[in-house]
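S.K.: Take the sequence shown: its letter number 219 is residue 218 in numbering that gives the first Met the number 0, and every next letter is one higher.
Rather than coming from a laboratory, the hints here were simulated on the basis of the structure. The beta-carbon is built from N, C-alpha and C at its ideal position, and this holds for glycine as well. Take these hints with a grain of salt, some might be off.
Now the in silico label distances, taken between C-beta atoms and shown as ranges [unchecked claim]:
#, residue 1, residue 2, range
1, Asn140, Pro212, 17 to 27 Å
2, Pro212, Gln101, 48 to 58 Å
3, Thr14, Lys244, 51 to 61 Å
Dumping the calculated PhoX-like pairs for lysine-lysine here, alpha-carbon to alpha-carbon at most 25 Å [said to hold, decoys possible]:
#, residue 1, residue 2
4, Lys157, Lys32
5, Lys172, Lys157
6, Lys244, Lys157
7, Lys221, Lys244
8, Lys172, Lys206
9, Lys221, Lys157
10, Lys157, Lys206
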Amino acid sequence: MEDNSPDHAALELTTLTLQDLLQRYLTEIASTKSPVTYAQESRIAQHLSTRLGAIPLSELTPLLLTQFRATRMQEASASTVSRDLNLLTQVIETAITVWQVQLTGNPLRSVADPLEVHGRGRQLRPGERLRLITACNRHSNPMLGWVVRIILSTGMRKMEVLNLHRSHIELPKRVVHLPRTGSFPPRDIPLSQEAVIPFQEALSFVKGITDTPLLFFGEPGKFAVRRPYAIDRVLRQALNRARLKPFSCNELRDDAIQRMREAGLSEEEVVAITGTRTLRIDRRAAHLQPEVLIQRLDQLEP
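Based on the sequences and whatever the hints tell you, model everything.
M.R.: Shown next, in the form of structure tokens:
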């Protein structure tokens with residue numbers, strides 16, 4: 000018979016360590032995910048185990064985890080530290096809800112996400128943004144301009160945009176139905192009035208193309224197969240021509256996310272729109288419907 004007495008719970012918290020939870024999570028939870036996700040979570044768990052693994056659960060406090068975050072920020076980017084804390088959050092939530100470990104709560108919920116505190120990447124200044132869009136729109140292949148404008152207006156990941164099928168786009172409702180991409184779950188992306196325009200232009204441009212379902216694609220290759228549009232090299236060329244410092248698609252996405260925050264969207268709304276991996280907010284964002292988010296985006300547009 001399972002002992003749920005207070006004395007037994009206290010003993011469990013002093014004998015169980017964070018390493019015990021991390022190992023169990025990898026064995027029982029992470030192993031059921033895709034190979035890419037499992038490899039990523041294993042790598043993060045190994046680092047967490049090295050740094051925090053010996054700590055008993057009874058000593059896993061918000062203060063200790065805040066100190067860990069501060070130390071980690073001296074070594075890695077905000078996005079890397081956020082991934083560390085997100086996995087740790089998921090492990091502890093699983094321990095509480097699935098394994099019935101008698102923690103009074105998740106101490107990570109009192110630790111601010113480093114992306115919220117420090118931001119990530121660098122933002123385009125107003126002049127840079129205009130020069131970038133102008134340079135990309137002037138490229139011989141209009142797909143460059145459309146992809147860049149979509150990332151800047153929606154905060155979508157590069158591979159989410161490049162793997163979009165035309166059937167995923169429902170312009171009358173101003174929604175993109177994004178299927179699962181790698182380890183990222185499916186979601187519906189609301190489109191602002193600004194974001195609708197490049198989608199309209201791109202859909203009109205590819206209307207007669209029948210040999211691929213993709214919205215953005217290259218020339219037919221081996222076996223006449225069209226692959227997703229290759230953006231990295233042509234984006235670098237456009238930036239060089241505009242005499243702008245290099246910007247990756249990830250940084251353009253970060254710029255879009257930060258602008259949404261500055262415009263007044265809540266963190267839950269930003270997560271729902273962009274799919275950022277902030278596990279402490281994901282559950283609160285899951286209930287936000289695209290129709291509601293479209294109304295919020297319209298309210299924020301000038």
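S.K.: If a hint holds in the structure, say so; if it does not, say that too.
M.R.: Going through the hints against the structure:
1. Asn140 to Pro212: 17 to 27 Å: holds, 19 Å
2. Pro212 to Gln101: 48 to 58 Å: holds, 51 Å
3. Thr14 to Lys244: 51 to 61 Å: At roughly 53 Å between Cβ atoms, lysine 244 and threonine 14 fall inside 51 to 61 Å, so the hint holds.
4. Lys157 to Lys32: Judged against 25 Å, a Cα distance of about 22 Å means the pair holds.
5. Lys172 to Lys157: Status holds; Cα separation ~23 Å.
6. Lys244 to Lys157: It holds: about 19 Å lies between the C-alpha atoms, which stays within 25 Å.
7. Lys221 to Lys244: violated, 35 Å
8. Lys172 to Lys206: OK: lysine 172 and lysine 206 at ~19 Å, within 25 Å.
9. Lys221 to Lys157: holds, 24 Å
10. Lys157 to Lys206: The given pair, whose Cα atoms are some 22 Å apart, holds under the 25 Å limit.
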